[in-house]
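I would like the entire structure built from these sequences, with the hints used as guidance.
Going down the list, the sequences are from chains F and S.
Numbering follows numbering that gives the first Met the number 0, in which position 80 of the first sequence is assigned residue number 79; successive positions increment by one, without gaps.
Numbering follows numbering that gives the first Met the number 0, in which position 324 of the second sequence is assigned residue number 323; successive positions increment by one, without gaps.
Derived by calculation from the structure, the hints in this document are not laboratory data.
Quick caveat: nothing in here was measured; it's all calculated off a predicted structure.
Warning: the hint list may mix true and false statements.
Stated by the list, open to error - Below are the DMTMM-like pairs computed for lysine to aspartate or glutamate, each with C-alpha atoms no more than 25 Å apart in a straight line: (1) F:K280 <-> S:E174; (2) S:K318 <-> F:E574; (3) F:K524 <-> F:E574; (4) F:K535 <-> F:E404; (5) F:K271 <-> S:E77.
Below, each chain spelled out in residue letters.
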Amino acid sequence: MSGAGVTRARIVLGVFLAFMLVAPAVLPEFHVTLLNYIGLYSIVALGLVLLTGVGGLTSFGQAAFVGLGAYTTAYLSTAHGLSPWLTLLVGLVLTFAMSLFLGFISLRLSGHYLPLGTIAWGISLYFLFGNMEFLGGYTGISSLPAINFFGLALDSGRKFHYLIWFLALLALLSIHNLLDSRSGRAIRALKGGGLMAESFGVDTAQMKIIIFIYAALLASLSGWLYAHLLRFVNPTPFSINAGIEYLFMAVVGGAASVWGAVVGAGILTILKQWLQDLLPKLLGQSGNFEMIVFGVLLVLLLQRARDGIMPLAVRYFPGPNKVLPATAQALRQRVRPAAGEILLEVKAAHKAFGGLVAVNDLSFVMNSGEILGLIGPNGAGKSTVFNLVTGVLPATGGEVYFRGERIDILSARAIVLRGVARTFQQVHLLPTMSVLENVAIGAHLRGARGVVSAALHLERAEEAGLLAEAVRQLERVGLGASVHEQAGSLALGQQRILEIARALCADPVLLLLDEPAAGLRYQEKRSLAELLRKLKSEGMSILLVEHDMDFVMKLVDRLVVMDFGEKLAEGLPQEIQENTAVLEAYLGSVK
Amino acid sequence: MNAEIALFLIQDGLTNGAIYALLALALVLVFAVTRVIFIPQGEFVTYGALTLASLQLGKLPGTAWLLLGAGLAVATVELVQALHLGTTQRISAILLKYVILPVTLFGITWWAAPQKPALTLQILLALALVVPLGPMVYRLAYQPLANASVLVLLIISVAVHFAMTGLGLLFFGAEGSRTPPFSGGQWKLGVLNISGQSLWVIGASLALIVALFLFFEHTIYGKALRATAINRVGARLVGVSPVMAGKLSFTLAALIGVLSGILIAPITTIYYDSGFLVGLKGFVGAIMGGLVSYPLAAAGALLVGMLEAYASFWASAYKEVIVFTLIIPVLLWRSLTAHHIEEEEE
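So, in structure tokens, the structure goes:
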């Protein structure tokens, strides 16, 4: 987009790094300490940017994970004399186990149970730290050893500065890398695109647990650093209030960029310092009155600028377009069935919602290479049939076979893996992501590399293949010129085409299109019909739900007509047009 | 442990449990009607208890200033909106509700507090000062975001809790307060000594629960709230204003919070930040009912009270740890009985 934006960003980054490099040598002790705290808080806030800002999950209990890391090393390195490097590992393992357990029990429930659970867990861990005799009670543990870095004892804030910021920047880079990957796209889909992601094979429950654990591990790392920086721990900095402040940092920074965590941590730390000086003088009594300002500030921020302050900065530093890989290995394609083979067989499928029967013993067969239209008046149960075939809803009776294999008992993820991909009646896009990234989500199951290799960017070869495939499918549907645009900026017609490209990315044998022509203009409908004919000529089988009779009749090979959940008729477009039962269902009785 | 102690602990658990049950009901009410997880509920408990304590010392409570300030803030917001929308006929009502009424209440308190009126009058005054803060908080913090996701509303709640705790420290200082009991009576029932205050708490809680039941079953406003809880859009279509429903549910929650604070102030020392933990214990109860079921929430809250009483006997240092860790098996149970991953909103 803008070369100037990139240059500006590079200059700011260069100045920032140079400043961090010389800061301990030139700044007074007090400012070095402040920078150290900002670094420690940034590490925790980074986890929350991933968890809350990007993933849409919230934790008020991060301070407890910080405490877990801090107390583990405090206890083991003083009472048992273990090396801090070893206790770091122990702390991370403990945090991993704890967050896995907490995530497992609360993430299956709806969104607000996780934050409530983390509040409760934050409080109980705080009281646990304060009451365990071997952890020193409320007085805490002192005289922690200094961290020894290849013979150099990091026994002053100035020396520690480098370790803190090295790890903070490493954490930042890892999340930056992660978000720019196959797993990252899945994580970014969690907020507002869970159903869509799931139907392209993303295990959203697993992704949620992964980012919860990632955030907890970063918090634990920060706790380890904190303990050895101060060489003293007590329960106060791990209270629920600290957990709430960490969340404030992430919200203030916003999720638009990973740098939001550093900015948020910086602003809140400096603001708190300033308010703690100012307010007691102003109010004539001592106390944590900055809480009042923080609370009011956060309410105003959420009311006025819910995305935090980073979007403003990001506008000033527009990022470069994604560099498309020059060479990429083509992805493997599945073996396609011969034309005319039985592809999909629905046998007496039945779906009842309580007393309402949406689909009543519906049976039909679809052959490979044909375009089959599924039509019927509103409420006939067409979309429900789609949801049964794609595994979004479990059938209450009957069977569905795909290429001879029974699929009605499989999950949505397992079905897309077998080559059934879909679009949605109401477009399900991630509007702030680029067209390219939206489409690449469709290829999720054609990659396999996980979060760790994504964070280290060890999966670039596979990633190149996935992106190349996304570009190929975009070109196939005629959106090749819009690759770098934001998906939300496309017209509705193009968004529907984008959904088809995304479905094609899954290398489907069968494409299910749910009202693809709805809301399209005449010209858009014509190009859509053209595209579908082209796909058919390339061997794709298409099951189509559509209302526009003109569109359907010209396009499809055969039709199944539904009414009140039952099959009313089946046949060639010509036959259906003359079928009296169909005419009656659509137009009322003809007498 | 002998029977006497066991009975004493039951009494203790029932007394606290009754308060938690009241709070749990308020939390379920607010969540059902507005989708707000009302973390600041606890601050209303604190404000109620400490406002009464200030009045008993003959001092002007800081909450009187807060009422003035919040009233002015709401008046400003409402006036700006009224001018913007051209609904100038509302101006007099706004000034009456958010300026004249708070100023009058402030004046009455200013005049009455040093004269140390009777306990009943003090309680009424405390209610009049703190309960209006409920709808005002709704207007200022929540109403502009009424359609946001549960998660955003929850973060707002935590922010409001933060600000209100800080204000509590400003108004009431760091020292705790305890008020004298409503009646000094003690009754002997077999081996058990029943304190008058426990009877007050349990009796008042029961009365309040019955009153709430009658309100929801037999008044038009109660039915409007129930309708909103069941179907927000539907209720709106038949003329139930979501703003009215929001303010009314916050008023009720504030009323319940303040009454709870007044009821427990003679039993336990209340500090500026005590309400948070008290409110959260109500939450643990409410979560057992999935934040939707009133009877389950009340039962859960009673269980929390009992558990707390016995925990403070067996392992008093770990009392809070035990109570708050209870949420883990509760979540586990709810998670295992949940049928599917609930689809996110937005």
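These are the hints, each one checked on the structure:
1. F:K280 <-> S:E174: This hinted pair holds, its Cα atoms lying about 20 Å apart.
2. S:K318 <-> F:E574: Roughly 76 Å between the alpha carbons, so the hint for K318 of chain S and E574 of chain F is violated.
3. F:K524 <-> F:E574: Given pair K524 of chain F, E574 of chain F holds - Cα atoms ~24 Å apart, limit 25 Å.
4. F:K535 <-> F:E404: holds, 23 Å
5. F:K271 <-> S:E77: The hint is violated at about 31 Å.
The structure fails to meet hints 2, 5 from the earlier list, while all remaining hints are met.
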